[in-house]
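Chemist: Whole structure, please, built from the sequences with the hints as guidance.
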Amino acid sequence: MKAESAHMASMPSSPTAAGPTDLAECDCPKARHDHGTRDMYGYHKCRCTPCAAASRDYYRSTAHLTRTKKWASAELARQRIIQLRAAGLTMDAMADLCGVRVSNLHYILSGPGGRTVQRILASTLDSLNAISYKDVAGRPISKDTRVDGAVPRLQTMALHAAGWCSEDLSSRSGISVQTFNKLMRGSGTTHEMRQRINVLYNRLHGTVPPEAEPLQRIRVRRALRKAEANGWTPGMAQSLDYEEAA
Numbered sequence: 009m010k011a012e013s014a015h016m017a018s019m020p021s022s023p024t025a026a027g028p029t030d031l032a033e034c035d036c037p038k039a040r041h042d043h044g045t046r047d048m049y050g051y052h053k054c055r056c057t058p059c060a061a062a063s064r065d066y067y068r069s070t071a072h073l074t075r076t077k078k079w080a081s082a083e084l085a086r087q088r089i090i091q092l093r094a095a096g097l098t099m100d101a102m103a104d105l106c107g108v109r110v111s112n113l114h115y116i117l118s119g120p121g122g123r124t125v126q127r128i129l130a131s132t133l134d135s136l137n138a139i140s141y142k143d144v145a146g147r148p149i150s151k152d153t154r155v156d157g158a159v160p161r162l163q164t165m166a167l168h169a170a171g172w173c174s175e176d177l178s179s180r181s182g183i184s185v186q187t188f189n190k191l192m193r194g195s196g197t198t199h200e201m202r203q204r205i206n207v208l209y210n211r212l213h214g215t216v217p218p219e220a221e222p223l224q225r226i227r228v229r230r231a232l233r234k235a236e237a238n239g240w241t242p243g244m245a246q247s248l249d250y251e252e253a254a
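Just so you know, we're using this note's numbering here: the sequence shown kicks off at 9 and counts up by one.
Rather than coming from a laboratory, the hints here were simulated on the basis of the structure. Heads up, none of these hints are tricks.
Here are the computed lysine-lysine pairs in the DSS-like style, where the Cα-Cα straight-line distance is at most 30 Å:
hint, residue 1, residue 2
1, Lys-234, Lys-190
2, Lys-38, Lys-53
3, Lys-142, Lys-78
4, Lys-190, Lys-151
Modeler: Right, here's the structure in full:
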């Protein structure tokens with residue numbers, strides 16, 4: 009049987025001892041644990057009266073933290089996140105503004121294993137609700153600022169439904185085909201890309217793609233098939249407001 013390490017000595021022979029014994033001693037190289045503390049009770053398994061009392065007092069003092077937590081409906085938080093994303097905030101920007109980890113925000117949206125989260129801490133919902141539209145509008149934005157891709161995504165889908173494929177959109181905007189494809193799969197984009205796609209959409213919306221050449225006709229059919237398979241329509245982006253929320 010392996011001997012215990014020097015800093016994990018056995019418990020005192022008398023659990024009711026009023027003072028420290030020589031059977032439970034701390035020999036930790038980086039931290040000193042004294043008798044009469046919760047660390048000595050928990051880490052070194054000391055059961056003398058002072059250590060047991062310290063552990064009991066600790067749990068008594070912290071028990072109220074779990075009993076008095078206030079909860080809120082996770083659905084309210086999901087709706088707020090969707091609202092803020094529609095206003096142009098990415099999940100990272102939202103996390104910065106409300107002080108909640110971005111992983112927690114994703115957890116609220118999708119839950120563990122895709123299961124719907126039913127409740128969250130009320131303080132999390134309060135933090136999300138505290139983000140104002142002044143905060144959104146007041147964010148410093150550069151051409152590389154990450155923004156939500158919902159509006160340019162719908163604009164791209166609407167153009168596909170009109171027969172404009174990603175290759176056509178790329179050649180007319182200077183944006184790569186890969187960027188369009190990632191956008192349609194749900195990725196975010198940058199402020200500059202969003203502006204360029206908005207200009208492209210306004211220029212091509214309501215127009216008919218060229219079909220004079222065989223390759224052009226193939227591209228149109230491919231775009232229409234993709235749109236039909238996904239339920240996209242040419243007018244799906246008409247009611248969207250591109251402008252930043254004020």
